[in-house]
Amino acid sequence: MQWAEHRHASRYLMGLSFAESSFFPIPPDVMLAPMALAKPQKAWHFAMLTTLASVAGGAAGYLIGAFAFDIVEPVLHSAGYWDTYLKAKAWFVEWGFWVVFLAGFSPIPYKIFTITAGAISMAFIPFIIASLIGRGARFFLVAGLMVWGGEKMQKTLRQYIDQLGWIIIIALLAVYLLYI
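When we follow the working numbering, the leftmost residue of the sequence shown carries the number 145, and every step to the right adds one.
Calculated from the structure, these hints are not laboratory results. Even for Gly, the Cβ is constructed at its ideal location relative to N, Cα and C. Just so you know, not all the hints are guaranteed correct.
[Stated by the list, open to error] Now the in silico label distances, taken between C-beta atoms and shown as ranges: (1) Asp214 / Gln185: 43 to 49 Å; (2) Ser222 / Pro270: 29 to 35 Å; (3) His150 / Phe213: 20 to 26 Å; (4) Ile314 / Lys233: 20 to 26 Å; (5) Ser222 / Pro251: 20 to 26 Å; (6) Gly224 / Trp188: 32 to 38 Å.
Work the whole structure out from these sequences, hints included.
Next comes the structure, spelled out in structure tokens:
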């Protein structure tokens, strides 16, 4: 909460959002939630900043994958992300746009998908659109839950954020499968 009330909190939030989308392991939700809770009148503003900075970081991850994958590959191995990268690559072949959307919204490490999108040369504009929709949905949901539920929701969100993400993904997939 102290960081959330700092006069440069918005800048820190944007920096964390950018970094998490391309290389940093801590998701911006941990800063967005207390900021939205501390200043509910600015919650939507914080969600927008988080979304835009995260998508910009995703674009940086895309560029890393496109132009520096040889440098990143050993890091993926040593950080234990190689198997996830291989799964992501296989999912891109089958699902394309939807993989980026789901990775942006879910607890799946989004950075793996940003780098993979660049490495496999996914079309950039659909990548950005899917990122905006997926990341925006996630961060506006977090901000909205904080405005709606207050401190009690923050504790619940911290405990169940991953499960909530998976439930929503399964529900979206079920709806999709019912209508194809």
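Structure-based check of all given hints:
The hint said 43 to 49 Å for the Cβ distance between Asp214 and Gln185, and at roughly 47 Å that hint holds. Under the hint 29 to 35 Å, the C-beta atoms of Ser222 and Pro270, about 31 Å apart, fit the expected range. A hinted range of 20 to 26 Å for the beta carbons of His150 and Phe213 is inconsistent with their spacing of about 36 Å. At roughly 23 Å, the beta-carbon separation of Ile314 and Lys233 lies within the given 20 to 26 Å, and the hint holds.
Taking the beta carbon of each, Ser222 and Pro251 are about 22 Å apart, inside 20 to 26 Å as hinted. Under the hint 32 to 38 Å, the C-beta atoms of Gly224 and Trp188, about 36 Å apart, fit the expected range.
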